Amino acid sequence: MTLLTIFYTVLFYIATGVFAIGLVLKIRSYARAPAPLKIATTPAPVTNTGVGLRMAREVVFFESLFKSSKWTWVFGWTFHFALLLVVLRHLRYFQEPVWLPVVLIQPFGTYAGFALVAALGGLWARRWLVDRVRYISTPSDHLMLALLISIGLTGLAMRFVAHTDIVAVKVFMLGLMRFDWQPVPADPVLLVHLALVAGLMIVFPISKLLHAPGLFFSPTRNQADNAREVRHVSAWAAALDKRP
Amino acid sequence: MATAAFDTPKLKSYPVIPLVQVGAMSHLKPFVANAPIQTALGFPGELVDDWQDKAIAKMGELLGKYRSLQVYMDACVHCGACSDKCHYFLGTGDPKNMPVARQDLMRKVYRRYFTFAGKHFPRLVGAVDLTREVLDEWYSYFNQCSECRRCSVFCPYGIDTAEVTMAAREIMASVGMGQKYSNEIIGKVHRIGNNLGIPGPALENTLEGLEEDTKDDTGLDIKFPLNVKGAEVLLITPSADFFSEPHVESLIGYAKVFHAAGISWTLSSHASEAGNFGMFIGNYEQMRNISMRVREAALELGVKRIVVGECGHAWRVAYSFWNTLIGPFDYLDPRYPVPQHICEVTDDLIQRGALSFDKDANDDRIITFHDSCNVARASRMGNMPGGQFVIPRRIITSVANHFHDMAPQTIHEGTFCCGGGGGLLTDDLMELRVKGALPRMEALKNVVDDHGVNFMATICAICKAQFTKVLPYYGFNMSMVGGVHQLVSKAIRLGDK
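Residue numbers (the working numbering), protein chains in the order written: chain A, 1 to 244; chain B, 1 to 497.
Since the hints were derived computationally from the structure, they do not count as laboratory data.
Do not take every clue at face value.
Said to hold, decoys possible - Cβ pair distances, simulated, as ranges: (1) A:7 / B:129: 46 to 54 Å; (2) B:35 / A:80: 22 to 30 Å; (3) B:213 / A:238: 45 to 53 Å; (4) B:352 / A:128: 56 to 64 Å; (5) B:34 / A:118: 39 to 47 Å; (6) A:216 / B:331: 33 to 41 Å; (7) B:21 / A:100: 53 to 61 Å.
Claimed, not checked - Facing chain B, from chain A, some residues (calculated, C-beta under 7 Å): (8) 92; (9) 133; (10) 140; (11) 174; (12) 178; (13) 220.
Quick caveat: nothing in here was measured; it's all calculated off a predicted structure.
Note that the Cβ used here is the ideal one computed from N, Cα and C, for glycine as well.
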C-alpha cells in the first residue's frame with residue numbers, strides 16, 4: 001500500500017469519526033439543555049403536528065429566510081438543494097448495487113453541480129457587495145465559501161474537464177466501508193477534492209455548519225404555542241417551586 | 001452625555017436601509033445601577049474584582065440552563081437575513097445594532113472560552129477575550145436592544161436576539177454592572193408592589209378620584225374596586241394605567257366594560273403591576289418573584305379569573321410564562337383561559353352581543369393600530385394563531401367607523417417596536433428612543449398622508465409612554481397615541497342599551 005493510500009484511508013476514518021462523534025456530542029448537549037420557558041416566535045402552531053409542519057417548511061423551503069431576503073433565499077436555497085442532489089448522486093460510490101433512485105437522479109445531480117457553484121458565487125458576492133454583510137463576515141465565513149466552491153469546482157473538473165477513474169474511486173470507497181483497503185487513485189484533482197471533503201467533515205461539528213442540527217433545537221421554532229393550556233416546567237425551574 | 005443634542009432622523013416616504021456607520025451609537029449607554037439598587041436585588045453593588053472569571057462562569061451556567069442560548073451561539077451563519085430588520089439599526093445605521101452583530105458581541109466571547117475553534121484559532125473565527133473594552137461594549141449595545149423579537153421572525157434558524165440580550169444583561173448584573181432604570185424599578189415592585197412605587201393608600205385615593213370623574217362624565221356609579229375579596233375577576237394592569245396619560249383612559253374603558261357586562265372585578269394593591277422588568281434583565285428568579293405577587297393576590301382575594309390590562313411585555317410574561325412561573329391555576333374557573341387579556345374579554349362580550357356601542361362617538365378619529373412587539377411575536381389572544389392581530393382590530397372596528405392599517409410589512413408579526421421597550425424607556429437613552437422609533441414613524445406618516453389618520457391605538461403601556469414622548473420629535477401631536485380601551489370607553493353604551 002502506498003503512503004498516499006494510507007494517508008487518505010486514515011484521513012477518511014478520522015474525518016468520519018470527528019464528524020459523527022462531534023455531531024452526536026453536540027446534539028446530545030442541545031437535547032440535554034433545558035428550555036425553561038415557552039418562547040415560540042408567534043404566530044406559532046398550537047399543536048405538535050403544526051410544529052412539525054412549521055419545521056418542515058423551514059427545512060424544505062427556508063420559509064423565514066424567504067420572508068427576510070429574496071436574494072439570500074434564492075442563492076441559499078439553490079445551494080442547499082443542489083448540494084442535496086449532488087450528495088445523492090455521489091451515493092453511487094458507496095453502494096453496490098446502486099439504488100434505483102440514485103440511478104435516476106444522476107443527470108440532475110450533474111446540473112446541480114453547476115447550480116451549486118453558481119449559488120455559492122452569489123452568496124460570496126453578497127459578502128463583498130452588501131455593506132452590512134461585509135461588516136459581519138469573518139475570515140472563517142470566507143474560508144467556508146472557498147472550501148465549498150473548491151469542492152464544487154474540483155468535482156465539476158473531474159466530470160467535464162479531465163475525467164478521473166471513477167471505477168477506481170468506487171473501489172477505494174467501498175474498501176473503506178468494508179475495511180478491505182484499496183489504493184486511492186493518484187489523480188491530483190481527485191486528491192484535492194477528497195481532502196477538501198474530509199476537511200469539511202472535520203470542521204462540521206466545530207463551525208457554523210452546526211446550523212443544520214441547531215434549527216431542530218431552536219425553541220422559537222420547535223415549540224407549540226400552548227402555554228396557557230399545558231404547564232411547561234423544566235427541571236431546574238421546578239426546583240424553585242419546592243423552595244419555601 | 002445622556003442628554004446631549006442629536007438630530008432627529010428625517011422621515012422618508014419609503015423605507016431606506018441605511019449604510020453602515022461604524023460607531024454611530026457607541027457613545028450611548030444607560031446609567032449603571034448604584035450599589036443600593038444592585039444589592040436590593042441580591043446583585044453585587046459594583047463591578048467585582050474577579051468580574052472576568054465570574055462573567056465567564058455565569059455564561060457557562062446560562063449555556064447549561066437555556067437551550068436557546070446554547071443553540072443560538074452556535075447556529076448563526078452570518079447570512080445577514082436579520083441585518084436590516086432591527087429598528088435601532090434602521091434608525092441609527094450603527095452596525096452593532098444589526099441583530100447578528102449584537103449577538104456576535106457575545107458570540108465572539110463564547111467562541112473564545114467555550115469552543116475548540118475559538119480557543120485555538122481565535123482570529124479565524126473572530127473570537128476575543130472578555131476585556132474591559134468588550135464588557136463596556138456589551139453594556140452599551142445590549143442596552144440598545146428592546147427584546148422585540150423582530151429579528152427572530154426573519155432568522156432562518158429562529159435565533160432570537162432577545163434571548164442573547166437577556167443573557168448578557170443577566171451576566172452583567174451578576175458581576176455588578178446592572179442597569180439603573182430596570183433594577184431600580186424591580187426594587188420598587190418588591191418593596192411596594194408596582195413599578196411606579198404607588199403605595200396602597202395613594203392607589204386607593206386615585207381610584208376614588210377616578211370614580212368621581214367617571215360619575216361626572218357618565219352620571220353612573222362605575223366602580224374601580226381595590227382589594228375586594230370574592231370578586232370574580234382580578235385585573236392585573238400596568239401601574240402607568242393609574243397615573244399616566246393616555247393610559248388612564250384605557251383603565252376607565254376596562255371599568256366601563258366590566259360595569260356594562262355586570263362582571264364583578266377588583267384590583268389588588270399587593271399585585272398592582274402587570275409589567276415585569278425581571279424579564280428585561282433576563283433574570284428568571286426576579287421574574288418569578290414579581291409574578292408570584294399575582295398568585296398571592298389571586299389566592300388572597302379568592303377570585304375566579306385573572307385578566308391582564310393593556311401591556312406588551314407584561315402580556316408576554318403573563319401569557320407565555322405565568323403558567324410555568326406561578327401555575328398551576330387549578331384554583332380558578334376552568335371555563336376561562338388563564339390569564340385572559342382584557343381585549344379577549346371585551347371582544348368575547350362584543351361577539352356575544354353583550355355590549356353595544358355608539359360608533360359615531362369616535363367619528364372625530366381616523367384610527368390606525370400599532371401592534372406591540374411582544375404581543376405580536378411572543379403571545380396570542382383567542383383560540384387561533386394570529387388572534388393577537390385580529391382581536392384588537394375587531395374591537396376597534398366595533399367601536400369606531402374609521403380604521404386604516406399601516407403598511408403590511410410594518411404590522412402583525414413584522415411590526416416595529418415603538419423604540420422604548422425592553423427596559424429602555426429611560427431619559428438617558430432618549431437619542432436611541434427617538435431614532436429607534438423611525439421605522440414606525442415612517443409607516444405612520446404614510447397613513448397620515450394617505451388617509452388622514454389622527455389616532456394610533458395600541459395596547460402597551462410602554463408604547464403609549466414612548467410615543468407620547470417621541471411623536472413630537474417627528475412633528476406629530478403627542479395626543480395621537482392612546483389605548484384600544486380608550487376608544488371602547490368613548491363609544492360604549494352604559495345602562496341605556
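Hints versus structure:
Between residue 7 of chain A and residue 129 of chain B the Cβ separation comes to about 37 Å, which falls outside the hinted range of 46 to 54 Å. Between residue 35 of chain B and residue 80 of chain A the C-beta distance comes to about 53 Å, which lies outside the given range of 22 to 30 Å. Here the CB-CB span from residue 213 of chain B to residue 238 of chain A is close to 46 Å, well matched to the stated 45 to 53 Å. Here the CB-CB span from residue 352 of chain B to residue 128 of chain A is close to 60 Å, well matched to the stated 56 to 64 Å.
As the Cβ distance of residue 34 of chain B to residue 118 of chain A is approximately 58 Å, the hint placing it in 39 to 47 Å is violated. For residue 216 of chain A and residue 331 of chain B, the Cβ-Cβ distance of about 37 Å falls inside the hinted range of 33 to 41 Å, so the restraint holds. Evaluation of the 53 to 61 Å hint for residue 21 of chain B and residue 100 of chain A yields a pass: the beta carbon distance comes to about 57 Å. The restraint placing residue 92 of chain A at the interface with chain B is violated, with a minimum CB-CB distance near 30 Å, outside the 7 Å limit.
Checking residue 133 of chain A against chain B by beta carbon gives a least distance of about 4 Å; that is within 7 Å, so the hint holds. Hint status for residue 140 of chain A: holds, given a least beta-carbon distance of 5 Å to chain B, under 7 Å. Interface hint status for residue 174 of chain A: violated, as the beta-carbon distance to the closest one in chain B is roughly 32 Å, over 7 Å. Hint status for residue 178 of chain A relative to chain B: violated, with the closest Cβ pair at about 32 Å, above 7 Å.
The beta carbon of residue 220 of chain A comes within 4 Å of a beta carbon in chain B, closer than 7 Å, and the hint placing it at the interface holds.
Checked against the numbered hints above, the structure breaks hints 1, 2, 5, 8, 11, 12 and satisfies the rest.
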